[in-house]
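Protein chains: 2
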Amino acid sequence: MLGKPVADYLQTHRDEHLSKFFELLRFASVANIKGKPDQCHLAAEWLAGVLAEIGFDAVVLPAAGKPNVIASLHVDDKLPTVLIYGHYDVQPADPLDLWESDPFEPTVRNGAVFARGASDNKGSHFAYIMATEASLRGGGNLPVNVKFFLEGEEEIGSPNLEPFVKEHAEKLSADLAVISDSGFFADDVPSITYALRGLAYFQVTFNAQANDAHSGMWGGVLPNPINALARMIAAMQDETGRIMLPGFYDDVSELSDEERQAWAKLPFDEKATAAALGAKALTGGETGYSLLERRWARPTLDCNGIVAGYTDRGAKTIIPAQAGVKISTRLVANQDPGRIADGFKQFVADHTPEGMTSTVEVLTSARPLLLSTDSPAMGAAKAAVQEGFGKAPAMVRTGASVPAVEIMHRLVGLDAILIGFGSPSDNVHAPNERFQLDRLWRGSVTAAAFLQNIAAGPSKW
Amino acid sequence: MLGKPVADYLQTHRDEHLSKFFELLRFASVANIKGKPDQCHLAAEWLAGVLAEIGFDAVVLPAAGKPNVIASLHVDDKLPTVLIYGHYDVQPADPLDLWESDPFEPTVRNGAVFARGASDNKGSHFAYIMATEASLRGGGNLPVNVKFFLEGEEEIGSPNLEPFVKEHAEKLSADLAVISDSGFFADDVPSITYALRGLAYFQVTFNAQANDAHSGMWGGVLPNPINALARMIAAMQDETGRIMLPGFYDDVSELSDEERQAWAKLPFDEKATAAALGAKALTGGETGYSLLERRWARPTLDCNGIVAGYTDRGAKTIIPAQAGVKISTRLVANQDPGRIADGFKQFVADHTPEGMTSTVEVLTSARPLLLSTDSPAMGAAKAAVQEGFGKAPAMVRTGASVPAVEIMHRLVGLDAILIGFGSPSDNVHAPNERFQLDRLWRGSVTAAAFLQNIAAGPSKW
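Line order of the protein sequences matches chains A and B. Residue numbering for the first sequence follows our numbering, starting at 1 and increasing by one per position. Residue numbering for the second sequence follows our numbering, starting at 1 and increasing by one per position.
Simulated from the structure, these hints should not be mistaken for laboratory data. Among these hints, one or two may not hold up.
[To be verified] Derived coverage of chain A by chain B (criterion: at least 3 residues anywhere in the stretch with Cβ under 8 Å from a Cβ of chain B; other residues may be distant):
| # | stretch |
| --- | --- |
| 1 | 84-96 |
| 2 | 208-216 |
| 3 | 292-306 |
[Unchecked claim] Here are the simulated DMTMM-like cross-link-like pairs (lysine to aspartate or glutamate), alpha carbons at most 25 Å apart as the crow flies:
| # | chain 1 | residue 1 | chain 2 | residue 2 |
| --- | --- | --- | --- | --- |
| 4 | A | K34 | B | D187 |
| 5 | A | K382 | A | E293 |
| 6 | B | K345 | A | E155 |
| 7 | A | K280 | B | D94 |
| 8 | A | K316 | B | D336 |
| 9 | B | K316 | A | E100 |
| 10 | B | K20 | B | E155 |
| 11 | A | K316 | B | E286 |
| 12 | A | K316 | B | D94 |
| 13 | B | K280 | A | E286 |
| 14 | A | K345 | B | D312 |
| 15 | B | K316 | A | E361 |
| 16 | B | K316 | A | E155 |
| 17 | B | K345 | A | E293 |
| 18 | B | K316 | A | D336 |
| 19 | A | K271 | B | E354 |
Backbone N, C-alpha and C define an ideal beta-carbon position, used for all residues, glycine too.
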């Protein structure tokens, strides 16, 4: 249980915290916008200032793109160190005309604050900042050593994160990471995410003749790289959706009956999900698995983009010289992106017809993550969520990859627990993004309880 | 045999004709260039002026795009009327730095005139103009009624030709058309083209969800329109290249043994052709047919362009909302583009998976053409080529479609014979386009002989 002084501090400082939160939300910290003064730099400086005021040793560190904030408050060598990851950059706000209020002037309606970034991810990591302030000022000290790592380019795919983490590995060293960039499974279902899918993303190009050729003069003579590419893509999956790359399923961890049963009980409304996505049917993936199983525990293969030949309006009668496609696979434990890439390249080579050459470029890759749900850290997290939200969390996975998780795991050796306070109804990445104020209050209690629970556990994790 | 006065006239007026031909070549009559003064208008006015000077009733007629020239010289109601089609517009000249001389300042080197449009198509139709002048001034009169129809937008696909022909159908009426926009099979192989392939060109779109979706969050849940489109394209042909659209081959005229044998004797160098096209192998089309058979006498299916999802540099992890492809079929006698479109639409509907809708738009279509090689008109043409070039013409087909041929056939009821004087080595559509002067002289003799041979035949065709 969280000590009364800390809980009281959070309770009595709501107005002050809300006012600070609004300051953070007013920065239009969109990573792909270049402006003067740069709103990302301003947001990073503001965060470092707030953390320094609380007592952290906080710095804004330059990176190839937008800067990152690292802050550290070291209490005692004997205590474990928890690294809290979040990102201060936000999605672009457009289309602006669909917002009911200014996306960068936070407005409270019906118990929620509306602003770009309120849920993704400023609300979640601000709850952790509030928790550290309350622990220090209400409880007298932090229960563990705490570091913050607040990134500035998450929404554009963290393109400069890896060299940054490499350079500052020591500053980021910790015993455990907690990622505040996830959310509830549903509005009333607080959740802990214990698995992420990995990624292996490829660019494939088929090269046929040197130039586009007249399809009348040369149709029936020259091979067509679009048709060939289509045949290759089609051959990558059978009619049940099973992926035919060599060795693709060799290392896949099968789902336990326990997980299957737990997921079947989660309140997932397929119809509402389809409606929200504007989808006619949720027919992706392999047959023989439930929707959540396909989304969380099964690897997938999707073409992400394709372009070749004449793509403007009307007709142009050419056989294109080349054709290119972007294909990505989402991986699950214990698939290895390197082995998958080997199988992928083999498959492409085997399906490159006579008269063409092919190239495969690995554009990005990330390992899947699957954490034990029985570890002491998970126990600390579950108890914290129970305390903050009054119910046991659902243990869920996500189909997505979080580059920061994979990079920190690989370069700093950190395992991350994902506890975030957003909700699927928060209009994340869409107009009228919002964050329920109740989540901010309960989230900060959860965050403070989590740090305290970690302190009560083993000293090394 | 061509009368001596006409032959002599052509022989003695070479300098004058060449100088006129150079005037025509100096117009940079590129149809997609908008300039003042418009070089296409100037070229059309010049042609009408030259034809009027010879004795034609010549007009420059406006069209939705560049104007067209129609000229008529009516000799006698009892004589047949021959319509001569050509186009005065030319391909753009770029890349300019690869030209050895100014593309619009004709230059003679090694017996050939180098200029954009010299071969395609100014040289060929100018030979017909010279022939009519020689018939009139040397021979005293035209042997038949003659019309010229000189188009200004052939190189951009004749987008405005159909309404123009509809509007001026009466002015274009004739007994027979001769198209001067084809060429020799090889440098020493004068040729008559007796068949064109037809065309049915489609835009297919698969629509899945309302928006692009995150491929991590929704991979395995949402259906992917690129993957589905690839499966559909792949299913359109079997592994031998046979096209699987319902009823596709029902109306195909099989090649005669006579044609097979004749084509096998044509001097076709596959290696040199592959090298000229920058192709690794000439593996398009169906197995079981020779290259010329696949090119001239077999229908084909080619994707001409495809685009969907993210196509810029790097990785973006989306499942696209939709995917679109342009697919065209080249048709041979007696396939009907309407029936082919019906089968195509049926196939697309049958291959649209659950969770998607599809649309098919017919972008353009043209009927195939297959003329008898034994008709009186063909006899006149063969004898004319024999006289002009000193050898019997090869009877060839082309894999391409000529919109003007199809449009005139459909709207004016005209059958066209294709006799042109260009050569595969003329660098048509490329830098340093050229036209052998010998072809201009022999071509004009051929053209004059053809008109005379027609006069000697039946009065109605």
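inquiry  = What's the verdict on K382(A) and E293(A), does the C-alpha distance respect the 25 Å limit or exceed it?
reply    = holds, 22 Å
query = Has the given pair, K316(A) with E286(B), been kept, meaning a C-alpha gap of at most 25 Å?
reply = Since the Cα atoms of K316(A) and E286(B) sit roughly 23 Å apart, the hinted pair holds (cutoff 25 Å).
key: 25 Å limit on alpha-carbon distance, applied to hinted pair K345(B) and E293(A)   = violated, 36 Å
query = Holds or violated: are the alpha carbons of K280(A) and D94(B) at most 25 Å from each other?
reply = violated, 48 Å
ask   = Going straight from one Cα to the other, do K20(B) and E155(B) come out at no more than 25 Å?
value = holds, 23 Å
key: Satisfaction of hint between D336(A) and K316(B), Cα-Cα up to 25 Å   = OK: K316(B) and D336(A) at ~21 Å, within 25 Å.
Satisfaction of hint between E361(A) and K316(B), Cα-Cα up to 25 Å = Given that 25 Å is the threshold and the Cα spacing comes to 14 Å, the pair holds.
query = Taking only the CA atoms, is the gap from K280(B) to E286(A) under or equal to 25 Å?
reply = violated, 38 Å
query = K34(A) and D187(B): Cα distance at most 25 Å?
reply = Violated, because 60 Å separates the two Cα atoms, which is more than 25 Å.
inquiry  = Count the residues of the stretch 208-216 of chain A whose Cβ falls closer than 8 Å to any Cβ of chain B, and tell me whether that reaches three.
reply    = holds (count 8)
query = For the pair supplied as a hint, K316(B) and E155(A), is the alpha-carbon distance within the 25 Å limit?
reply = Given pair K316(B), E155(A) holds - Cα atoms ~11 Å apart, limit 25 Å.
message = Between the alpha carbons of K271(A) and E354(B), is the straight-line distance 25 Å or under?
response = holds, 15 Å
Going through the hint list in order, the structure does not satisfy hints 1, 4, 6, 7, 9, 13, 17.
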